[in-house]
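J.: Chain by chain, the residues run as shown.
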Amino acid sequence: MIHRKSVLVTGGSRGLGRALGRVLARGGCRVVLVARELEPLAQAVAEIRAEGGEAHAIAADVADKDAVYAVAGQAAALVGPIDVLVHNASTLGPTPLRLLLDTECEQLERVLQMNLVGPFRLTKALVGPMALRGSGLVVHVSSDAAIEAYPRWGAYGVSKAALDHLGRSFAAELAGTGVRFVSIDPGEMDTAMHAAAMPEADPSTLAQPELIAARIARLIAEPERLQSGARVSAAELPP
Amino acid sequence: MKPATQLPDPRDGVRLLVLDAARARFSDATADELPRWLDPGDVLVVNDAATLPASLHGVTARGDPIELRLLGLPEGARARGVLLGAGDFHTRTEHRPPPPVLEPGAVLWFAELRAQVIARAALSPRLLELDFDREGEALLAALYRLGRPVQYAYHAVQLPLYAFQTVYGGRPWAAEMPSAGRPLSWSSLLALRARGVGVFALTHAAGLSATGDPAIDAALPLPERFEIPETTAAAVARAHAAGARVVAVGTTVVRALEGSAALHGGALQAGTAETDLILDHGSPRRVVDGLLTGMHEPSESHFRLLSAFAPGELLASAHAHAASAGYLSHEFGDSMLILAAPAARSLARPRSGSRRVAAATAGLLAARWG
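Residue numbers (our numbering), protein chains in the order written: chain A, 1075 to 1313; chain B, 9 to 378.
Extracted from the complex, chain B is given alone in its bound form (with noise of 0.2 Å):
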């Protein structure tokens, strides 16, 4: 499948490959016709991260060019974030020369913007902990300068950061953009309202979807912050006990609320946490029983997720249609929307051999950190 390289225009006129688990067959559609596939009482959760300016380029104190991906939004002074060798998003991320290997104490410069490496993950050298030399508004005054969208070799040229924001994006929370939300235009969602189809919203802090190193890509999503409002909650609750369906807009909405539910003994509950939940074909699925989400290779992680939606056989079928049909992969191409049965949906409690879900941020990560 061929990465999307321009500008959908309209964002919603994208091609959508409409996926019926229950009857075992898909059509083709456009992301406009939406609203025709939800019946009124589902519930669609979007994830309302904004894209932050995640790149920064910059030096180290010998003057070695690097580039600094952040992984979420500073705290205070404090930010993590992956280090890539000279080059930039031109240079496929796993063909980078590796960037040296910091010393906690070693100096970062970006224009003068001045970090310290405070702890190196013990995952990767390169996934580092970092103190800026500013916090609150300076420090974001200056990301906000300096920084760049995250961006990968297959757009040609520097990408603004308003390409990379969905239509109601809010909270600058997301590395990358949570990219399967950007097909949703306010034509759409406000039709999808007209037809009594809920739209509520979570934020999810999406991460970066591949760094280049082999240690941190094997380990990613990495665990991600996210926060359930709770009308978001109450509406997933209102649309199960009614039998419809709720449909997660994304695989970071996906992990958000089977991951809340995982910490919670099955059942949504409203709030902060983190979670490092990865779902397949295995995992019991508590809350999502649809999902908005982009083209993907059967190679990358997020194919596998697909599979707790829908079998094997009729993925494989449905991706090779979208292939040989000319669909477009990456944030800005065609999207698919696989809807399972509700029936579908285990009510099961937690497995013991499910991926821990972390309640804190400080919890196991921070111990792993040296």
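Extracted from the complex, chain A is given alone in its bound form (with noise of 0.2 Å):
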């Protein structure tokens, strides 16, 4: 049941954060997206709000410590406690992607408070009210570069790593409260990230974010399909 779910997506101007926020808005749940640059984003919710959905901005940037506990505050106060979290804005560090050896110590820093700090201060500051109240679901949008080692991607793939493992060891600790994590893999897909890091990357051959969102909001709608600390691919869940 996926209706009335109050859900936060953070990355949620672009790419598949926006599309996940439209396609769970249409099943009912009232979004709140985050992003740090308003524009884009207040684009984003008007587009939901026209197809009659509920949806909220909030500029932020996750990676901003102070940030995290007005963006909680801010979304408990225009959507009530928040069901369902989604970690899906993240940073593939320089681009053109660097060699490790090429990346700067405060570029992999960034990455790291981006792709990994941020997500576990907005974590602590949102899980524990739904441990309180005995239901809820972190999802960490991850990658390919989590499991597999590609020359260039290692910034990002040690990041997205990190974060499979945060799931992964929260779900442990938390095991019984009623709050599951998972980590998903969308695989590539047709964005402006994609195109970032892969310029030369035909779209046509890239999936849709569209259609990946309308997967992992099944998955939303039910979590219990999966195992807490589970790892999926996108491809696996059922379209």
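Please keep in mind that the hints were generated in silico from the structure rather than gathered at the bench.
We treat Cβ as the ideally placed atom computed from N, Cα and C, and that holds for glycine.
The reader is advised that the hints may include incorrect statements.
[To be verified] Sample of chain A residues at the chain B side, in silico, Cβ under 7 Å:
| # | residue |
| --- | --- |
| 1 | D1140 |
| 2 | A1144 |
| 3 | G1147 |
| 4 | Q1148 |
| 5 | A1150 |
| 6 | P1155 |
| 7 | G1202 |
| 8 | P1203 |
| 9 | L1206 |
Take the two lone chains, each set in its own frame, and fit them into one complex as the hints suggest.
T.: Next comes the structure, spelled out in structure tokens:
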């Protein structure tokens, strides 16, 4: 049952996050989209509202420590306690992608802040109330690069591997509380991020984010289909 | 007793003074040992209100500096708050200069956020109802960008909003942190549940603890809104039926639970209401058998509430012990668990002389606004 669930999606202004917000709102969810830039975010919200869905925008950088409780507080004020948290925002690090030996330490730190520490902070702020109520779901948007070591994808891959393990560790610690964690590898999609990483790729060979979003939305509707802490690829999920 | 000026790390490492009223004794422990003082079947009720950035610094239309401390989350563009004069938390509230007296229609500016005074309370002209120039997402974004958590003079530096949150707070209703729950870690909460102690929530809009305005301070706590979920009301009923204890985390939880019972002929009922209930030694306790709270001075109004749970002599000797043993007070300080015997719970009908409990926010309080 997805109807009336309150869902917060980071990286909600573009690509998969935007598509997911739209699909969830069509299913009757109350959606909060978080992203750094207000303008594309406001467009994403307007798109959902034009279809009769409920969506709200919070402009914030999930890597900003001081923004975390502001995001959590605003979101709960807008849609009530958050039932589902989707950590979708992420950064590749510097593009064109670089070898690790050519990556500055500060660039790796920035990737880890955005892709790992930011999600950890937001989870800390939002999962406490979920555990108290006895239900909740946290979705980590992962990547093939979390499993396979591809040259030039090191900073991103390290952050996603750590994010997967963060989900598994939370799942182990919160077993029995009703709060579930799942990592989803969406696969290659036709998004701005993919174009930045692999500009030579032919977009027609890539999945549309709407298709992947629909699969993730079905999982959000029935999270008990997966064990907490599991990692799946979107291709394995029913369409 | 000295105020705690450092954030305790870990949060459950603070000291815990346990008062057993039935056995008329007390002992020293630490907050992470809480689970061993409660029994399977007991129910712990916490306030899941998150702390708002309720302090806004601004200027009047004439340019006089002021601080507005919100009493709670705005409804639409409307909010209630207390006005303080120039200065900030570094000065004790009672030493702050009074703010200019504002008439309805007066305008306040908080950076680019504008608010107009709609009404002043009969209690004090500093207690205002305001209309902001925006609502919803835009107002929330401005409040969270411009607002700071309410602090007091015993802190040397401005602390971030996250310092004023419990590990389970989620609903942004509280003008100040429901601080009795701050020493609860998830390690403790999961240990409690593993032991068979129920951990349940309600939401209570914890208000300001001091304003520096004698008229307002004498009337604190002001009526506060609360919401009790069905699951919590049912858990309390089960505990009582089984002869187990209901332990409130903080005076806000006591006010909500006993306020609800007072409103419904002695029985706790799920739902939303507003209470101005103030408990003291003469009050019948209908719901709550124990209290986890911060350390309070006998001069504070909070201390009066403690006397509903334990005899004054025991409280006085426990306080003297805590003071000499160096226990710390205020929101980052040490804790006290007071356990009254369940049999002490009064099943008496509400007294006609007990304080009014308003069923709706639009009741008597609204009538007092001019």
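J.: If a hint holds in the structure, say so; if it does not, say that too.
T.: Here's how the hints hold up against the structure:
no.: 1; hint: D1140; in the structure: 6 Å, holds
no.: 2; hint: A1144; in the structure: 4 Å, holds
no.: 3; hint: G1147; in the structure: 4 Å, holds
no.: 4; hint: Q1148; in the structure: 5 Å, holds
no.: 5; hint: A1150; in the structure: 5 Å, holds
no.: 6; hint: P1155; in the structure: 5 Å, holds
no.: 7; hint: G1202; in the structure: 4 Å, holds
no.: 8; hint: P1203; in the structure: 3 Å, holds
no.: 9; hint: L1206; in the structure: 4 Å, holds
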